[in-house]
Amino acid sequence: MFVKRLLLFIPLTLVIFLVQSYFWVPTYENQAAGNPDRLVTYIEASIGDAKILNPILNADSASSNIVSHVFEGLLDLDEDLKLRGRLAIDWQITERAYLLVNPHHRFPDGTEVTGAKLFQKIHQAWKAGTIEGLQDRVQSIELLPSGKRSESISLLLPNAEGKPQLKDISVTIDVPERVALTLSEVDQDVFDRLQPILGERYFEHFPYDKLIHPQAAVPQELEEPLRAKFPDILPVGEHNPTILFHLRQGVNFHDGHVFDAGDVKFTYESIMNPKNLSPRTPDFEPIKTVEILDPSTIKIIYKRLYSPAINAWTMGILPEHLLNEEALTREKQDRGLSEEAQKTFGMRESRFNRHPIGSGRFQFVEWQGDEFIHLRRNENYWEGPAQYQDYFMRIIPELFTQEVEFRTGAIDFYGAQPHQVDRYKNDPTYQWFSSLGFAYNYIGYNNRKPLFADPMIRTALGMAINVDEIITYLVYGEGKRTTGPYPQNTEWYDQSIQPLPYDPQGARAIFEKAGWTLNRDGWFEKGGKIFEFTLITNNGNPIRKNLMTIAQNAWKKIGVKVNTQVFEWAVFLNDFVNTGDFDAVVLGWSMNIDPDLYQIWHSSQAGPQQLNFVGYKNSRADELIVRIRQEYNRDRQEELTHELHRLIHEDQPYTFLYAPLSTRVLDKKIVLVQKGSDGTEQFKKIYPTKSGDITFYFHKWRKLELTPDF
Amino acid sequence: MHDSKSGASLKAEFVSLDAEGLAPQETPWQEFLRIFKKDYQALIGFWVLMLLLVTALAGKALTEWWVVFDPEAVRLTDKFLPPLSVPSPDSLPADRPFGGVYLMGTDELGRDVFARMFQGSFVSLSIGFVAVGISLGIGVLLGGVSGYYGQDKVSLKTVLIGIFLGGVLFYFNWNFLGYAIIAMLLLTWIFRLSVDTLIMRFTDAMMCFPTFFLILTAVALLPPSIYTIMFIIGLFSWMGMARFVRAEFLSLREQDFVIAAKALGVPEWRIIFRHMVPNALAPVFVSATIGVATAILTESGLSFLGFGVPPPDATWGNILSDGKGFIFDAPWLFFIPGLAIFLVVLAFNLVGEGLREALNPKLRSR
Amino acid sequence: MAKIGVDAGLLSDAVIGSSRDNRSTMWNFIVRNVAQRLILLVIVSFVAHSFIHLAPGEPSEVDPMNPRMKPEDIAKIRAAFHLDEPLYVQYAYWIRDLATGELKSFKDSQPVLPKIWDRFLNSLPLFILATILVWTWAFPTGIYGAVFRGGMYDRGTVLLSYALISVPGFFLSYLAILWVVGWFGVPVISIKTFGMEHAELPYKIMDRVWHLVIPSIMAAIGGIAILSRYVRSQMLEVLGQDYVRTARAKGLTEDAVIYGHALGNALLPFVTMFGLLLPGLIGGSVIFEQIFAWPGLGRLGYEAILSRDFPIIMTLNFIAAVLTLLGTLISDILYAVVDPRIRLH
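Chains as they are written, first to last, in our numbering: chain A, 191 to 900; chain B, 32 to 397; chain C, 212 to 556.
Hints are computed from structural coordinates only; laboratory data are not their basis. Computed from a predicted model, the values in this text were never measured in an experiment. Keep in mind that the hints are not guaranteed to be accurate.
As a list, the in silico PhoX-like pairs of lysine-lysine whose alpha-carbon atoms are at most 20 Å apart [unchecked claim]:
hint, chain 1, residue 1, chain 2, residue 2
1, A, K716, A, K747
2, C, K315, A, K533
3, A, K455, A, K419
4, A, K465, A, K615
5, A, K747, A, K735
6, A, K735, B, K355
7, A, K455, A, K639
8, A, K493, A, K455
9, A, K522, C, K403
10, A, K716, A, K751
11, A, K890, A, K875
12, C, K403, A, K465
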């Protein structure tokens, strides 16, 4: 029967056709060996795809990885985590300080404060050198006349339904006469130094109401919040730190266009453009103005003292000619968008974000969504081209398949978990690294709850957990105990502070001292209530889930009853963390190199939606935090941070668990190529720099044909 | 009758009544047993399920009520021990597993995998049963109403009930859905459409969506909990059930005994619940058996994608998905739950198939 | 995928009766069917849009954990995405933007439709091959099962097909990857072998075919198992009909009876099942595309769920439903055309 044969023939032919395709495919061995291109190609696996390849818009790690290759900032961090010039060759930080004439005040000698008088007194003291620290810092003093300016103030207030809503209010400001001081270095105490001249309380009772006038009538409920903003927009004593950048000349973007100061200014303006919704806004918000002095010199003036602000300039610089108003208008007309879409069209919608053009070491070639991103080296890079010719980021969502591909040599790098790295440690064909990064894991207690109000109880809870055992077994030794809020590879961390000991007996003793007694079921009880709370964490992080289970178990052993729950990230944040409606959380922070802890630890940041969600409150800590962010001298900053670290360690608002080491594994054939002046090449083993990163010298990496012997 | 040939013929195996049969020499139950017992695949499946049921109950009892096997005890020093190994000598006596041996090894926290599987058997099974219970409830209700009231036009009463339902939704702040329901009911009333049309169009609409993707979306967006998962799986898998309960009711409605009961003035609810539901139940039962299997598989799929039942509840699905990361380090963490799921789902499927064969007189007559 | 069988005959309101071939009734039939589906389309769009907004949480772009994000900024982003508007307004925005093709993803502000189209093209070979595998394998398997009912072959295939649908898909895929990579040392992950840009065309094509093989087999297994069960019972049904007995009585060979008379009639109802395969393929592809790093629709949907990219999720659901509607429409019309017994009314 024909039909019968057909019914058998078709599926069998199909299967034979499918199976024979196997013989056309190169085996993994053929791909890696005998393919010279493979040696200058670097393939990295990523769990997720990049979202948006624009340095001022991206917010995810895959995007920032690509962006860091394609774009370049004015500065970056060198091997020792010090700032180093890239697109900028050099920079100077100075200050301009302004002191308003406060007509409500009298000098200590009883005379009235006027502009001329104030200027004269300060000038005299400066010339005479009667005030310590004034003469060597201040370069010039002048008196500025009074003036007028208008400004718009944004207020965030709950509307009738309780949802926050933005209100803008325009005001006119009569700026009184003021004395301007130009300083050779930033000095947060300059106004304090002037106290002998100004007398005490010069900065209080400033007549704002006479000087600031709203342009339209202000509803009554807005008056109070508006008034609270006055000292911010017209400070009596104003610090204006200033950075002068000298830019590198002869740098081109990948399309050949010359880089200059205009691109820097454009980048800043794009970030601050509210239409772009840039997540970088907070880093650049302290900037008052950006002035182009000439195509290779640019001056950044800040509104107030904020020493970490300079770190923001490590961010990539955008090419103005491809993204300015003119270019965007051209693009939206080319794309033939509707009226409505044209109105909302902005940088976020631009094609640039999928075809980025920067000035970095690598230039963009191709992006296949959820498949790969391809970069090729920039032959015209000002420091010379990189060793690798091509860079691929392959998107492989499963760790298992990533590992399969890695083992067979189809990818060079993947984010190996500690247990995976453990297997490669004794394998001579691989090299592995483990190094301290900027992150740490902790258990945070809701300090507002009476159960956790006592620092001793928090200490006891910390003592019940065997952190060393966690490090050894849970993360295979890839962790380091940590005692405080700073990353251990920065100088802000005080190495002399000892971690809490593992001492369940001691922990019990503390509980008993605090009046808790063990009941018949083996739980601590006081006044008929047992010590019971809920420990929560977010979904999707197996390490945190395990830490939660381990802590629950450890506390159960000393007699503390703990319930655990895991929530999806958005729910976790909105319903528990942001509202402060939780007992204890397992979480981790990933810090930067800057020592500013204002958001996480200052008591003013403990409201809903803020990051001090544990509600830590210590007035000395508050003071230290503010001084640290205003200090521009690294040595003085270090002293302050050590004190803060000790203070937080004593208070134990968190149980600081450990800092995970970043673990990495690479084929041993990948080496660091060092070129001698005579063109000879030397191969060195790759090593992690102080930041814990191994890719600092990525541009010098290359793959050898044979495994080197070191 | 308004059913299609294609539907009828494909569903023929569910149609339990056949007019051409001779007078039975044995009761249908005896006949069913005789055939079912001959099907040894189904029989083995049946005993596996019985065993599983006992295991699940014992698991609940012995891991939660009387903790003989402690699924939560963390022993980091005993991490990744293979099956049948003994605890390391320095472990605390209180932490030793029952019988002094890790029957199925330990996981990355040194927890006893056997205890976890034991506890998980109850949870996994209850997910299957509850989810199917929900889909059964919705399916039988909608399918039954649709099949029995068939072509009746929507009455004002129905519209009022619908408006009440919409009001309930408003109360829960699901305004949009409330509006949608009320608008739809009003439209059907205005255009004089039938209840059947209304329900079946909605069923058809739901059927157009990719079920697993829908479940995944809902589970991912809602707060994760074991109840959410049961509820969501049930909520999105009633459509098939509703469709053939309707078909069953449509054909039963025309049967002589129903017509006779109607003629005798037997109340409507009695006709539905005493006469029709029991007759429609057999095929529903077959479908429910297979539904449990599908629900267990769906749960494991969700776990794989990271949206399974959150801890502290252990299910086979989440043990398997936790274990997949350690496939090279501790293969038993992957294979034990994987095989367990496979066996149980297979058992459910075979029993379902056996039931179907045994309940279908048309096929069995040959 | 496991739903295919039970749902057969969905939407088909064609009714069996005396054959009456009439062009105008055919048109009536089509118009009626299209109209019904338009109504369904509206319901589907309601469901696709509203059910997503019943859940709490918001797009991940609104990241409250960004240490320096101010509440003012979050409020701005919410406003830009219309998240504070009432639901029906959001629905109107969605429909409008979908119709004009200017719907933007929350995640990267790129237009949604081209994005979905790209992924659809990636998924298409996988869908097609899986479908072909299902249909070509299910029929012989099922027919032989029916012909040799109760024999070793029949029992074997029953058990095997049940075994195959009882394994969690990802479990089987993991085993397959381990086996193929371990024994044969060839790549199986992703859409093609990396670094084949310079290879010759036949190699490139065969390489793509090879990468299709394992994921499509994985995706097809469930379908083969279920469909072959239905083919089998359908065949059994038909083999018991009078005209088959008559054919046998006429003294025709068994093959002629089965493949000549019975098969054609047994196959007819399966025409309607074509359209119903689609939602299963899209839904089922999430897991396989995730494992095999396949940049298709399922991955797109999964990533969108993870980042709460509502426009993508809603549109994907909606498009899947529309495709299903189209599929069933086509199969209903086909069915009406092929089956002379159907009276169109």
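Hint by hint, here is what the structure shows:
A threshold of 20 Å between alpha carbons decides the hint, and for A:K716 with A:K747 the separation of about 18 Å falls inside it, so the pair holds. Pair hint C:K315 plus A:K533 holds up; C-alpha atoms about 14 Å apart against a cutoff of 20 Å. For a cut-off of 20 Å, the pair hint linking A:K455 to A:K419 is broken: about 28 Å separates their Cα positions. The hinted pair formed by A:K465 and A:K615 fails the criterion: a straight-line CA distance of about 50 Å is larger than 20 Å.
At most 20 Å may separate the alpha-carbon atoms for a hinted pair to count; A:K747 and A:K735 meet this at roughly 19 Å. With a C-alpha separation of about 16 Å, the suggested pairing of A:K735 with B:K355 holds against the 20 Å cut-off. Between A:K455 and A:K639 the alpha-carbon distance is near 48 Å, which puts this suggested pair outside the 20 Å criterion. A C-alpha spacing of about 17 Å is found between A:K493 and A:K455, which places the hinted pair at or below 20 Å, so the restraint holds.
For the given pair, A:K522 sits about 35 Å from C:K403 by alpha-carbon distance, which is inconsistent with the 20 Å threshold. Between the alpha carbons of A:K716 and A:K751 the distance comes to roughly 13 Å, so the proposed pair stays at or under 20 Å and holds. For the hint pairing A:K890 with A:K875, the CA-to-CA distance comes to about 11 Å; that is within 20 Å, so the pair holds. Only pairs whose Cα atoms come within 20 Å are accepted, and C:K403 paired with A:K465 is rejected, the gap being roughly 40 Å.
Going through the hint list in order, the structure does not satisfy hints 3, 4, 7, 9, 12.
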